[in-house]
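Spelled out, the chains give:
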Amino acid sequence: MSTTQMMKGILDGCLLAIIKDREVYGYELAEQLELYGFDALSEGTIYPLLLRMQKEELVTSTRKKSTAGPKRKYYSLTAKGEQELEHFIGRWEYLQTNVNRVLKHETASDESQGRG
Amino acid sequence: MYAETELSAKSRKFLEDLRVYLFSSGKHSDEIDEIVEELEVHLMEAEQKGKSVEKIVGHSPKAYMEQLSDEMPADFKSWFKYIVIIIFGSFSFTLANDLMEGPLSYSLLELAGHVVIGGIFIVGTLTAFKYISGNQLSKWKEIGVLSVLTLVPIGFFVGLIYFNRAVETPVIHFGVAGTILTAMAIVVFIVGISWWAKTWVLPIILTLLVLPEYLLGLTALDQQTVLVLSTLISFGGIGIYLFIVNRAERAV
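Order-wise, the sequence lines are chains A and B. Take the first sequence: its position 31, counted from the start at 1, is 31 in the numbering used here, and no numbers get skipped. Take the second sequence: its position 250, counted from the start at 1, is 366 in the numbering used here, and no numbers get skipped.
Chain B with its partners taken away, still in its complex shape (with noise of 0.2 Å):
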């Protein structure tokens, strides 16, 4: 048994920011789990016998976890599974908040620009901790930072809407029986995508998605405003949610 308080807070944000960056790098969780451990053994170390943390990882933090990380291998098959999630999850939230009004349908133009944001929703998340965690950012550029990464989607999902009904593109109407089979799908997919990841990353984000829209538009705001706060509840919210997950997952 040892106690964590035994390291100094800068070993400590080292190592958080260590596993922040190898994640964001997408390395392998368990890959990480091991430099992370085997460093924090020599920092320990190290510290009893009055050692700074740079005697151990240099002037430069970030060169330093860009080292580590060179020689470590990608897990594309683990990325797969997160793009997977969050692209079909986002999906299947749009869908289940449309479902509420009736059959479905949707431009190609929507169904397109959904995967597109998606994409630059993962790619930037993942830029955006990369950078946190390798640079030595106060609180409040962290802050800056993050906010830009939720504002930037919420701005593409805007556009997206303006741009829809200025561009006319091919219609695909869902139907009744359509929709209904779209529905069974998307808890189906939920379910399993859950069971399968084994998180419960989709259904707290569906949560966070689904839950305000709906909660604001029993209210008596107007649809303008109730589309921009639960924007920015959803987003904010899952920006955080991630971003807990994250530095919990170096407390396993």
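The shape of chain A in the complex, shown without the other chains (with noise of 0.2 Å):
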């Protein structure tokens, strides 16, 4: 898998996070991606992976007018978004765990005996 590859799952389920907190549209989702740390992106990246996600039905998106220009368009949860993010979050934190353990040379059975 290539760094883009896995970066492109990560970041699905990054976006789903966000949009969970509240309705957002493009520009505030990659906004706050940038805050969280994400600033090497092309800001743009997250429009072809907001149209898989709507194509899944993972996001809804309503269209409201904006105080200057054309329309905005934000992006809410539908159910089948929630369940994908609880997934995501297990499938992370799984990953999570077992680099980390990696990096620390632990391996599984030291941790359920306590280390020793």
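FYI, nobody ran anything at the bench for these hints, they're computed from the structure. All C-beta atoms, glycine included, are put in the ideal place defined by N, C-alpha and C. Careful, some of the hints might be misleading.
Chain A regions said to be covered by chain B (calculated; three or more residues, Cβ under 8 Å) [what the hints assert, rightly or not]: (1) 25-37; (2) 42-48; (3) 51-57; (4) 70-79.
Calculated Cβ distances over 12 Å to all of chain A for the following chain B residues [stated by the list, open to error]: (5) 173; (6) 251; (7) 279.
Got two chains here, separate frames each, mind docking them using the hints?
Dropping the structure here:
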């Protein structure tokens, strides 16, 4: 798996998590990602992901008027999207734990027996 | 209300190219509108904060357009509509032209050739628009690509005329009654298609195809010159018309 592919799956999860907090439109989403530290990303990267997530019915969108400029497209999670977020969190925790163990040279049995 | 001038020329160019790219990739026009508008909002806000277009679309606009395109389903229904219009439209034109010369008769080769060339023209048009919008071409290169696009079908049509003289295929004679029926069918077809597709594309293209040859035929020019000139004007005009339509769509 290439870094970009790995990133995509992770970004999907991050987008779901941000959208779960509140309804957001594209620019806000990109800004939030940047605030959380994903600042090397091209901001437009989120749109193909949003298109796919919409196709997979993980998110829905409504268009709302803004004070200046054309209508903004706001995203919110569907029930399926919330489920997917749960799955992502599970996968992420599993991955994170294992990667950390590898980096710290621990094995799964070390932890269950208490360190020793 | 918003002024489009708020966007930099570079962003506007990107949005225009994206629209043409997605259109020639056969995407649903309402979905194209939606994503272009969404990116327009994004680019406007980003530019207000002093961000460059590259910060949004990355360093390869083409790669980014492809990413978007990959996530959008193709609109086969609309494309079927366009293909029917173009192939039958080109037929109805040839028919309209030949009607002025009395009862119709065509060889099988001519009939098949028209469909094939129509198909080549459609594929060529889509490929050319996709290429132009995806790659940052200079104006001259753009004109070059469009010239090739218009010259290739002309070459094929001229080739078909000579090939048809050299090769014998069964000829279908329409007779007087058949010719009148065909003429009526053409009129019904043109009116019907324009009404159904809610577009003036066919009448405009038909006019571009029929009028130059008819008008030039009234002049003292010899037949060969009339043929070449009128074909050039016709296909050049259609190319330009389609390009204008594509560009104008973003203004809707």
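Do the hints match the structure? See the list:
| no. | hint | in the structure |
| --- | --- | --- |
| 1 | 25-37 | holds (count 4) |
| 2 | 42-48 | holds (count 6) |
| 3 | 51-57 | holds (count 3) |
| 4 | 70-79 | holds (count 4) |
| 5 | 173 | violated (5 Å) |
| 6 | 251 | holds (18 Å) |
| 7 | 279 | holds (46 Å) |
In summary, the one numbered hint that this structure violates is 5.
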